[in-house]
Amino acid sequence: MSEHESVEALNAIRRRTLRKYVLASAVTMAVLVIAFFVALKTGPVFISFDKLIALLLGNGDTAEVHIIRNIRLPRILCCAIVGAALSVAGVAMQGLFRNPMASPSVLGVSSGAAFGAALAMGFGIGSIFGSYSVPMMAFVFCIITTFFVYFLARTGAGVSVTMLLLAGIAVGAFFNGLVSAIQYIVDDNVLPGIVYWLMGSFSSCGWNSFGLAILPILTGIAVIAFCANELNIISLGEEQAENLGVNVKMTRILLLIGTSLLVAGSVSISGIIGFVGLIIPHTFRMIVGPNHKILIPLSIIGGAAFMIFMDAVSRWIISPDELPIGILTALLGAPFFIYVMRTKRKYNMGGD
Amino acid sequence: MELRINGVSFAYHSADVLKNVSFEASSGEVIGILGKNGCGKTTLMKCINAHLSPYSGCVMVDNDVVSEIPRRELAKKMAIVAQSASLSFPFSVLETVLMGRYPNAEWFQNPTDHEMELVLDSMKATGIVDFAERSVSELSGGEKQRVLISRALVQDPKILLLDEPTLHLDINHQFGLMELIRKLSREKGLLVVIVTHDIALAARYCDRVIMIDKGTIVASGTASEVITKDNIRNVFDIDADISYDEKIKGLNVFMIGKS
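One line per chain: the protein sequences are Z and H, in this order. Be aware that the first sequence starts at 4, since it is given in this note's numbering, and climbs by one per residue. Be aware that the second sequence starts at 58, since it is given in this note's numbering, and climbs by one per residue.
Some hints could be false.
Claimed, not checked - Capping the alpha-carbon separation at 30 Å, the derived lysine-lysine pairs in DSBU-like fashion look like this:
1. Lys-245/H <-> Lys-271/H
2. Lys-181/H <-> Lys-296/Z
3. Lys-304/H <-> Lys-245/H
4. Lys-201/H <-> Lys-23/Z
5. Lys-133/H <-> Lys-296/Z
6. Lys-23/Z <-> Lys-181/H
7. Lys-252/Z <-> Lys-103/H
8. Lys-103/H <-> Lys-215/H
9. Lys-296/Z <-> Lys-201/H
10. Lys-271/H <-> Lys-304/H
11. Lys-252/Z <-> Lys-201/H
12. Lys-181/H <-> Lys-252/Z
13. Lys-215/H <-> Lys-133/H
14. Lys-252/Z <-> Lys-215/H
By construction, these hints were calculated from the structure, which means they are not laboratory data. Since this is a predicted model, take the numbers as computed values, not measurements.
All chains should be built: construct the whole structure from the sequences, respecting the hints.
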């Protein structure tokens, strides 16, 4: 037996892969820390780097402590959890549907959430939720849309992925139409609020928003991370996954619940932010490969870093005004997507 | 381990694809299934593996109906190398083969030394150790096929279903695979069901051969009982010359051509 053909040689391959994962995580983590401090410093009130830590700990000028601890910090944390949530939702959907294009918007889930929010903002529907009416309505419609699309796609034999995507696109178009109709008929004084929300923004995010979104997002991430192994196998095809002993039906339902929690949690506080669920997963798949056990944690860290950084740019670029972050991510996302598409020969995104 | 196919009939829409198919097999046997395109061979495999449910009859492993065995339990007993399995995401060969341990692995547990030995053995047997680190999306059709066979062996099944396993393989690997399968069936008592178009290979390596035409079993028995001039003419509409060959101690099948 040659030295090459031994268990030790196979374990060495696994250790090399693990080292690559650790290195990628360390670099991404460093980027996250840098993004955090850059974002903390960015804003209309100038605060030097030296003072940031002290202010974070509550030492210093009361007004400055307030700015750091109650305005910038919660907003950054909101960016982090939303960035992580949208990225993980993208990872899960691309793996589940074996489709590089899949993201929450393709399944119509984002449009459903937008409709719920527009109902709340335009007509005050859902006022029983008080000041949480917009996020709660977004949340409720997110869940309703996910399961509506899922049941539409059910045939006698099971759920086909193609049917699911087509149903998602159709339901998404329907809800988009309804949102446009609401924009057309509502009073002029509430219209800008709806339009602004649809563009996506963290400008109104405080500790309240963080408290509202953290639970569904953590739950959603936990559910999806729990299925990482199954997601690896399902990404090769559902029939193969069943042959290898995966309970595909159960896993699919868990993943759909997980992604709707993530989408609902994030759109409810930041509106519709596109393309993050596409950019982040593809970037990391190019770097570390398709193994979800590493793709999910990296997407959490990288998605958080990306969103924090984008939000800082949106606050800085036309300062003292703010550019809605959805505009930025779309302007950056589309060229990136075209780049990935053009280099696809080198990078296998998945799909057949 | 006993595999029993009891009067299985299956229809996709209205036309029957399988009509009252029955046979039995037990540990250590290699069963070959022959038949024309569209005769129901792959459908039969999917019924055995509980992907399709027959409208009458059933498939049983020992005393359990396969469709009632939980997927994970079934995957410990039965592995399949399907005809059209895609490997679309660029996992490495080693990662792909390791997926075969899924039914036996605890949640997020690292493979044990014993499991890694199983992985190594199956990779050596199919000759893929040298490219363990390469991405499956870079492999040729035959190499991919060997990765899939290796993954099925890593499941450590009692029953192995192979749907045209030699399709993309060169002659060397065709014989390599068939020798491997015979060895596993003799030494470990593996029960193998092979769907194939290669009549010569089936004649040489299968303990029993079943010939299917239009969803019905038309002949069943040892290779020399089933692979006859008459049966080949009736099922495939081809003239063949069949003789016993001392050198290979088996049938020598020579296709003459359309009759």
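Against the structure, the hints:
1. With a C-alpha separation of about 34 Å, the suggested pair Lys-245/H and Lys-271/H falls outside the 30 Å cut-off, and the hint is violated.
2. Distance check on the hinted pair: Lys-181/H and Lys-296/Z sit about 27 Å apart at the alpha-carbon level, within 30 Å; holds.
3. Our distance criterion of 30 Å between C-alpha atoms is met by Lys-304/H and Lys-245/H, whose separation comes to about 27 Å.
4. At most 30 Å may separate the alpha-carbon atoms for a hinted pair to count; Lys-201/H and Lys-23/Z meet this at roughly 25 Å.
5. Note on Lys-133/H and Lys-296/Z: the hinted pairing holds, with a Cα-Cα distance of about 23 Å set against a maximum of 30 Å.
6. Pair hint Lys-23/Z plus Lys-181/H holds up; C-alpha atoms about 26 Å apart against a cutoff of 30 Å.
7. As the CA atoms of Lys-252/Z and Lys-103/H are separated by approximately 18 Å, the hinted pair is consistent with the 30 Å bound.
8. Taking the CA atoms of Lys-103/H and Lys-215/H, the gap is about 17 Å. The hint holds against a cut of 30 Å.
9. Restraint check for Lys-296/Z and Lys-201/H: the C-alpha separation of about 23 Å stays at or below 30 Å, so the hint holds.
10. Restraint check: the Cα-Cα separation between Lys-271/H and Lys-304/H comes to about 35 Å, which exceeds 30 Å; the hinted pair is violated.
11. In summary, the hint linking Lys-252/Z to Lys-201/H is supported, as the alpha carbons are separated by about 27 Å, within the 30 Å threshold.
12. In summary, the hint linking Lys-181/H to Lys-252/Z is not supported, as the alpha carbons are separated by about 34 Å, beyond the 30 Å threshold.
13. Under the criterion of a C-alpha separation no larger than 30 Å, the hint pairing Lys-215/H with Lys-133/H is consistent with the structure, at around 8 Å.
14. A hinted pair counts as satisfied when its Cα atoms are at most 30 Å apart, and Lys-252/Z with Lys-215/H qualifies at roughly 25 Å.
Checked against the numbered hints above, the structure breaks hints 1, 10 and 12 and satisfies the rest.
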